[in-house]
Amino acid sequence: MHEMGIAKQIIEIATSSIPDDLENIPVEKINLKIGQMSSVVPDSLRFCFEILSKDTPLAGAELNIEEIPVVVRCMECNIVWTINKPVFVCKKCKSGSIKIISGQELDVVSIEVADPDTT
Amino acid sequence: MEIKVIRKVLDVNNAMAEQNRKMFAEKEVFVLNVMSSPGSGKTTTLEKTLSYIIPEIKSAVIAGDICTTNDANRLAKTGVSVVQINTDEFGGDCHLAAHVVEKAAGNLDLDAIDLLIVENVGNLVCPAEFDIGEDAKIVVLSVTEGEDKPVKYPLMFRVCDAAILNKIDLLPYLDYNKKEVLNNIRQVHPGMPVFELSAKTGDGFTPWIDWLRQRIAQK
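Residue numbers (the working numbering), protein chains in the order written: chain A, 256 to 374; chain B, 25 to 243.
It should be emphasised that the hints constitute simulated quantities derived from the structure, not laboratory data. Source: prediction; values computed, not measured. Don't be surprised by glycine CBs; every beta carbon is placed ideally from N, CA and C. Check each hint, because a few of them may be wrong.
[As the list claims (entries may be wrong)] Facing chain A, from chain B, some residues (calculated, C-beta under 7 Å):
no.	residue
1	Met25
2	Glu26
3	Lys28
4	Ile30
5	Val33
6	Pro178
So here's chain A without its partners, still in its complex pose (with noise of 0.2 Å):
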């Protein structure tokens, strides 16, 4: 539901990512990052950016979305999973003393502009 006000950071971010000598060159790609445990929905993402972008320096650039798998670690047995499904319970020894390693990442990891030369 947020997505709006995330699409609005990421132009925020990739436009001022642009080094200054290369202004006005067209983006083509925004790779992010995005974990499962993010309340972020892809496709809402890619409508907003598409919206919010136009008239800017980014319009037409492709959002590049790397999902991220929830990744925790059992703090008592130390064992690392993946999990599918929200169940924070130690697989093994029943704890519920876990920690997510990855799977909540909102990043703007790079973006890709064309190539100097053939521009």
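Using the hints, position chain B against chain A.
Frame of chain A, contents of chain B only:
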């Protein structure tokens, strides 16, 4: 040509939340972020909660809604200072972000209070994602909602420090499986305290108020 960025999208909010946290620490104000779906009885729970703790614990409330000042009007009757935030000014946001809380806190005399309750926008999704600089997060769930809410919205139940299960006075009239909801909460967040209460009758409030007092005293 790829240009490395590696930045968290929520960095701006997180930095603002840290500033809020520092400000609240300096003013020795305990901040409680209260979240729930719409209609869980959040405002009634807060009205009742305030009736137990004031005037001993000096309190104020920031109430977040997309529109209307209804919640603020109700809470103001308890005698505490209330600031209403209508997020439609901020684009109709479905949650309170850190900068919005900072702005609202500017309208309160933080030196005069020990507890600031932030009643977030009714929504089990987005508020879970946004740090506002609080000391504790709680979620209010009611027995008129599905038992599977905790597993449908795991992030919310994972990030909270306690849960309130409200409207237990209605249990005799409902086909509600309380054991199932408690199991679901335990799966998502083992060990998290769950307070079963009725904001209407006041039943079950003592353990919740004790927990809140203890958390405020710890700060």
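For each hint, the structure was consulted:
1. Met25: At 5 Å from the nearest chain A Cβ, B/Met25 passes the 7 Å test, so the hint holds.
2. Glu26: Since chain A brings a Cβ to about 5 Å from B/Glu26, closer than 7 Å, the hint holds.
3. Lys28: holds (5 Å)
4. Ile30: Where the cut-off is 7 Å and the nearest Cβ of chain A is about 6 Å from B/Ile30, the hint holds.
5. Val33: holds (5 Å)
6. Pro178: With Cβ-Cβ at 3 Å, under 7 Å, it holds.
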